[in-house]
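Colleague: What follows is each chain in one-letter form.
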Amino acid sequence: MSILGGGIFKGMAVTLRNFVGSYFYKERLTTNDYEWRPDGALPQSIGDYPKEEGEQLSDTTTVNHYSRNFPMLLHDTGEPMDTIRCVACKICERECPPQCIYIEKSTEKIENADGKPQFYPAKFDIDVSVCMSCQICVEVCPFDAIVMNSQFELSTPDRFGGLLVRRDDLLKSNDYYHKIHPQEAATRDQKMADDKAAKEAKKKAAAEKAKAAAEAKAKAEAENESKEDAE
Amino acid sequence: MSFELIKDILIATVPLLVIFPSLFAFTTWMERKALARIQNRIGPNKTGIPCTRIGLFGLGQPAADGIKMIFKEDIVPRGADRLFHLLAPILALIPAMLILCFLPLEFPWGKFMSAPVQAFLLDSAVIFFFAISGLTTLAIFMAGWASRNKYSLLGGMRAVAQMVSYEIPLVLSAVVVVMMVGSLNAKEIADAQTGFNWFVFTPWGLAAFVIFFIAALAETNRSPFDLPEAESEIIAGYFTEYSGFKFALFFLGEYIAMFAISGLAVTLFLGAGDGPFLTSAPWLSVVWFIVKIFGLIAVMIWLRGTLPRLRVDQLMAFAWKFLLPISIFNILLAGLSHFALDARVAATSDAILYSIHAPHTHSGAVNHAPPKLVAGQKEAVMGALHYTDKNWVGAMEWFFKAALKGHVQSRSILAWWFGIWAMGLTVLYVMAKGLDNVSRSEVKPREYLYAE
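Taken in sequence, the protein lines are chains A and B. Under numbering that gives the first Met the number 0, the first residue of the first sequence is numbered 0, with each subsequent residue one higher. Under numbering that gives the first Met the number 0, the first residue of the second sequence is numbered 0, with each subsequent residue one higher.
Next comes chain B alone, as it looks inside the complex:
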């Protein structure tokens, strides 16, 4: 192996191994602080610089937790399978770290070196992402099984049922984006959204993003889907029997998985590293990416502070009777409306471009008069050109300007655009409402054994 190759590998992987675990430490602090504030408490505020009374808003808490975790006794139950009990937390962390490699993160120092910006520039990154993140389920079940504890086993079984169920809507909602871009490559998906062409700004993309986010909550065992570790029901679920550093590894794995899946949501729907001021400072793209990840994580924490936990039957009914049909329907709607709009606008754009070029291309003697300038023609042409570049947002902007000036064809394009937005959202909402009415699980009132 040459030195260059080793250097490239290090440049591509070390940031992932350094940045995300340190973000994890910060996130635990952020989560505790936010939950405390939501409950009108103060949260950690005393653990700052050691041996002083400087609190630093409790920012020393993650470090203190880490030190505590390392020095805690590692307890293995007597009947446990020692090997698998040890392996499970490691196996939970590895896939979580691995899938970080598929995110289209462009670190600024990659520009000055020969390194690839991404660890893996795979053509099938999205598929790989789902395939590898699915392995976490196995590690969790392994933990539950190897602990030899009924609560652990129950937690493991709940985790398997939940994660297998929610993986389907997760993948199906990502399919919409893959359909639009025509590629599974994360980099290409990111490139397709530059200039605020984010997929969340389309009705189907918005619906897919919501479905994706809900399924991602369930995939990462976050509240309100934290059934596998429901402390009021089954102690701590699959990590009941874990203490010390193994517990810390599980915890780390869970948070890294949260980062990874938020990263995928950002890549697919929120325009990856796209944001303002990118032309003057391209290195901002990695900042935007991480800011967006943190935005999603903040929403997750907010939801955790708000919603109570679902019952098992509600959880399953929600996945199979609500999310699955609506995500399939969303694919159908996305296909129909996107291509309908595309065909309409493409035809109109062609007409607009043609009306400019036609007088010059025709060599007939009759049509020698100079082209008559229609109001807003210039803007309409700009919009049509933007549209051929697949810069939908820019195109709509120009069409809007043309329409304001009284350009008829641009008006018809905008009407189609608004119509499809309204129709898409209405149809999706009606569908969701109907599914909600159908899929609500009915609960029989409990019969008490000993009547009062």
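With the rest of the complex left out, here is chain A:
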């Protein structure tokens, strides 16, 4: 038996705490109170906006480490198309709730960062006017190829073409990812490394097992042969 209307008061206490807390604790605010374009003086700390004149159009515009806006494609260090992680498996296209991703698979394979021949997206478009920033594509991607960007100054005079972001504009380096979401990028890299190690260990184990099996088989065969010889 709970108190009648107790949930309402509980909820009101939570909102009151937010209301009061947002005046006293700056870190509560989900957005920065960014200043007008600075007249000479540069902001001091990381995340201040904007750091330099014109920088709001470049890639490093980010509000804070937790802001997410629209997806981007990742590539490892090197030429973007040589080290692209995406293999055009189209899982994200299929899972996207508002269907804002369009992918065309390449016909031939090229070598990826690991030197393995893989397919790559000949076309990878995201319509950011349709995207609802749900981050489902990020969660379903098995290759850690798509993650969320935090660039927010996306206004454009072109209503249709300007909001359709193409593959080459979506491609960002892993270093950039580390810059905007350091924690998340570190965990993701760690996870990828672990996966890779686990995979290799498994492969190694399997190879050893196969080797052992082969040896055993060879031994058995040899025994058989010796038996036959004996007979």
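Derived by calculation from the structure, the hints in this document are not laboratory data. Heads up, none of these hints are tricks.
The calculated DSS-like cross-link candidates involving lysine-lysine, where the alpha carbons are at most 25 Å apart (straight line), are:
1. B:K389 <-> B:K186
2. B:K45 <-> A:K25
3. B:K432 <-> A:K9
4. A:K108 <-> A:K198
5. A:K203 <-> A:K216
6. A:K202 <-> A:K216
Let chain A serve as the given structure and place chain B on it in line with the hints.
Modeller: Frame of chain A; chain B shown alone:
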């Protein structure tokens, strides 16, 4: 028409037409700011003095909004009924402005002029209030119908269903106060509560105030009862097809209705213009009134930032299966307990007063000894006198003093008082809890057409 009459009319109406729309502008800013803070955002903070970078906490926002609204294109859908599409926002605003006249507001400058303090000193102000505020429903449905848009129509129909349902508990909760005062006149209701005899300080008044406030939220389409304009379900409900100044009129009408209904709640339950320091500065009464209105509006905004929207079936079940029975029960309880307490205290007060006067009035030779002073007798008499003036709070204060000094009759009065408070609240709570258990609408789990 004489000059005096015109002057009186202007003095009575202009404050309403000037003060409340400007309060509306301030309230929109306050609402945006409060909601932003509740969601850990900053809210409007850049729109201050034009052409400068002085933000003024975004206080220029209402002015900027107003200018934008005036210059925006007024779009009328091709299939719409042009006349009614135009009329609806006007008709939504008029009743909202009209009902402001029934509030017992005493503007300070009324003291120095021959003007009436109220626009309408009606004997049936409360009834008129409900009758005229009911007209808003019509305007909203007119907007929904004339827009020729399915979302507008759905919103209009939801509004009609909701407002008709919630008007009943609204009126029934006000009945309690009308019963106590014995008058429908807003001024008399206000006068009955002077000296902190607010009706919200009685168990039935408290319950009625809560019911009234909930029903008022639904009447003014405020969250969590904002189904007629639920943006996640039906775009913007009845004002989907409104833009520019017509939209602004609707918006204004809605906020004025909020002020009016909060004003009525203040009049009925929160003592109207009653407050501290009134003897030294009577003009404070209008300030207290508006402060109380703003207090209620702040709670409305707070609730909007807290609660999610109800479903349609929950909305209807809540009105008919919960609020209606409990408001009727509250009337019954108020009648019984109030008159029980009244009879008890009246009898005891009479006894107290009689015990003072009796030795003097009796001329029998036997009883010539001077009256023996019982402990706390003086205080008890003061309480009894206050009670005959219907100043319940003052009476209880004196009875309490007498009881502390060991006066037995005052103790029995206080015991009755506390007993009735406890009993009233307990009975109301148990009733509400029971109704809540009965009236919760059950939801069947959804059957999916395409099984996974």
